[in-house]
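Undergrad: So you can see what is in the structure, the chains are spelled out below.
Protein chains: 2
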Amino acid sequence: MTNKGNIQIIGAGLCGALLALRLGQRGYNVEVFEKRPDLRKVAVDAGRSINLAFSNRGIKAMKLVGIQDKVEPLCIPMYGRMLHDEEGKTMLAPYSGRAHEYINSISRNALNALLLDEAEALDNVTFHFNHKCTSVDFEKGISRFYKYKDETEFTKKADVIFGTDGAGSVLRKSYFLAKKFLFSFSQDYLTHGYKELSILPTKKGDYKTYKNALHIWGRDAFMLIALPNLDGSFTVTLFLSYDEGVYNFNNLTTKARVLEFFSTYFKDALELMPNLVDEFFENPTSPLGTVKCSPWHYKGKTLLMGDAAHAIVPFYGQGMNASFEDVVAFDKVLDAGYGNWEDVFTAFEKERKKDTDAIADLAIDNFHEMKGHVNKAIFREKRNLEMAFEKQFPNEYASKYALVTFNEDIGYREAMLRGRAQDKAILNLLADKKINLNDDLRNILKKVKEETETILEEDSVAKKMHH
Amino acid sequence: MTNKGNIQIIGAGLCGALLALRLGQRGYNVEVFEKRPDLRKVAVDAGRSINLAFSNRGIKAMKLVGIQDKVEPLCIPMYGRMLHDEEGKTMLAPYSGRAHEYINSISRNALNALLLDEAEALDNVTFHFNHKCTSVDFEKGISRFYKYKDETEFTKKADVIFGTDGAGSVLRKSYFLAKKFLFSFSQDYLTHGYKELSILPTKKGDYKTYKNALHIWGRDAFMLIALPNLDGSFTVTLFLSYDEGVYNFNNLTTKARVLEFFSTYFKDALELMPNLVDEFFENPTSPLGTVKCSPWHYKGKTLLMGDAAHAIVPFYGQGMNASFEDVVAFDKVLDAGYGNWEDVFTAFEKERKKDTDAIADLAIDNFHEMKGHVNKAIFREKRNLEMAFEKQFPNEYASKYALVTFNEDIGYREAMLRGRAQDKAILNLLADKKINLNDDLRNILKKVKEETETILEEDSVAKKMHH
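As given, the protein sequences belong to chains A and B, one line each in that order.
For what it's worth, the UniProt record's numbering labels the leading residue of the first sequence as 1, then goes sequentially.
For what it's worth, the UniProt record's numbering labels the leading residue of the second sequence as 1, then goes sequentially.
Quick caveat, the hints were computed from the structure, so don't treat them as lab data.
Don't take each hint at face value.
The list treats identical chains as interchangeable, and a pair is accepted whether it falls inside one copy or across any two copies.
[What the hints assert, rightly or not] EDC-like mimics (lysine to aspartate or glutamate), calculated; alpha carbons at most 16 Å apart, straight line:
1. Lys89 with Glu457
2. Lys449 with Glu87
3. Lys292 with Asp188
4. Lys446 with Glu396
Construct the entire structure; sequences and hints are all you get.
TA: Below you can see the structure in the form of structure tokens.
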């Protein structure tokens, strides 16, 4: 890999900008093409969420490129879920029993701008905005671009092309349509869509509700969440079915009906959102989808990364973190000293795909958990028990949420397998009344650990069957 | 549903022909378009398997349309798997402990021809061969066809259009490309492909090896199978990786190497196939893929059925049976008396998709089981135990294979859940030495049943978590 030839990156979003920065730091000549305008100069409505959950895996990536000190001021810590019931009563459910474990709310655009600044400061990294990739000839390593400015098209060859062009990736579409190799691909939509709304700051610029939490109004069939912004506002997201249930996106067509829906289910939120009805009809409703595919690479010519390779639903707050972790994993493969790009890409996908498949599935699980389970007695008992474990035995127990979110040195797949087995163990021990919450906590932990190991072993025998 | 308007069916393969027959019997006016020539008049190389496994679910469909007496003479019973080891030693592993439970080998073309004859005999059913559908405007209910004969294109409107046009369905492709609604879709390829070969009859026209079994040469990383034909030949299929392992499709490029491969791993089969090397290079290598999608229907205008809706890998011998069962399930929904096609299609998909998803997953499981597990000690112990259960307690136990294959009144999904739980129960009881094969068989069955129920219950609690 001594050849520091031309690298082309399609897409300068969070993943593409970080990848450009890291490859630039490693000495590669990098040219990045982005279809949108430069978000540092023009207000860009990305059509994507305004703020995002940012946690350990993302932080690890920022440390890799040496900018975590610049990222920190952009972060608003969220220590737990603030659960709002229908009467407007609230309860803070911490994310962990360990005080130093929390997630952050961060502005997508501010973080993206920082990454662009850092990458652009390198001599060997160049960005071209307003350049839309329209197709990639991955056999020849040639991309076709449309320049919005003068409405012309041109092609650009490179030694290696990275597609970090998001869930609607043009590189991935080129793989799919060309039928030059067996390309496994899936796109799975939830029956729910989402719409972004907002809670504006008070006139004085203060937060209208508790700042340091991720607010959730879970109502089983649908839910509302809110994440804080630095300016005192919250970005609010409604997750709702397109066509099922009494209230859904397809039938919330009048102001009166929207108000009726919110005043029935989200009374306390509605009081903070005098702007609700206008926003509801101004803002788009967007779908929620999961994309998986394989292979990510074509020989040693092209590679998909980030959402282009594995788009996930937002319910674990891991979308950006997973894309950042791609760059960390890729960097590690580069360190391994393979002799050519094909071996690098093959090793990267082999190492990484099992983990991005896992976080995709975990994110779907969490959709159901957030909507409903957080409110149910047995799940609350389980959660309380886990909090007690994490507080009293901080080095001996980590919940599934903690494994996924705060244990950046454990892969998503391992976190999923262990986390699900723990969940199953606790729920079954509770359901079968095999643990008594009045017992000694150390004893309960012992039983949970034993039951978890049994489940992992039994699954492993059965897995040999299903391979 | 009193409107017996125009129904269009795209594809006159096994599913399309059966659907045409059934809808014709119900009094609908049906027009069927097929891209291939009429296989009753021209030798059609369908590029698909020559013979197929035909079992209870398929038989139920034949009974529905009243032609099982005509199908029976086409069937060759296969009572079990004839396992061939590397030394050429064989062992017959029966499919069931109940003597009346077996599967059949049947010619795809002979069965398809019969279905075409039966459907065409109805006044209200018409077939057009050599008409290739190129796209479907599913909003307007208009299909576009290319006529090979005079190289012209035309469009054809219908009240309702069924896409029974196989794994490469044009109707499904139209859903995908149009982006008019959220279409979840997946295509998943195995790393293995397949190639068809043959064992010809003796000069006298006799079978060269045991007729009434499905022959399997399982070698962990790859396998060979053979199914009998009425003319004394066997159709042989090699399942092998494209690029992994010492021998693979990509590197079996010379006659010497192919012979080396077969003489190393399939010595006894090679002796029956003097024609092997020529066939190997004459016959195509084809991929093995699973297709799932949703929704199958667009409002009340169009519906996917059979492989077009759910293509599966061949390892459970259920591909044709599942497509035939689609017609049985659809017929049942028609009986329910819904007032319009949209409600019929919605009810059909709701009832049916869970089962076709399950058989797709089961077929992947069985790939691994057939290649390898059939040879491993613990799996053989399990299988022997299940055979003993089925023989001694024929009304109290059915293995996963029996639930899937011989219990046509249990849906695939239920068969999968119960069958997997049973497998897990037996394997874990054996591994943990909690059952002793010298115990009273009635006692062992009791333990297996209890453990199965525990697993099903525990999974059900955990499932509420993952919903």
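Undergrad: Against the structure, test the hints numbered earlier, and report the numbers of the ones violated in rising order.
TA: Structure breaks hints 1 and 2.
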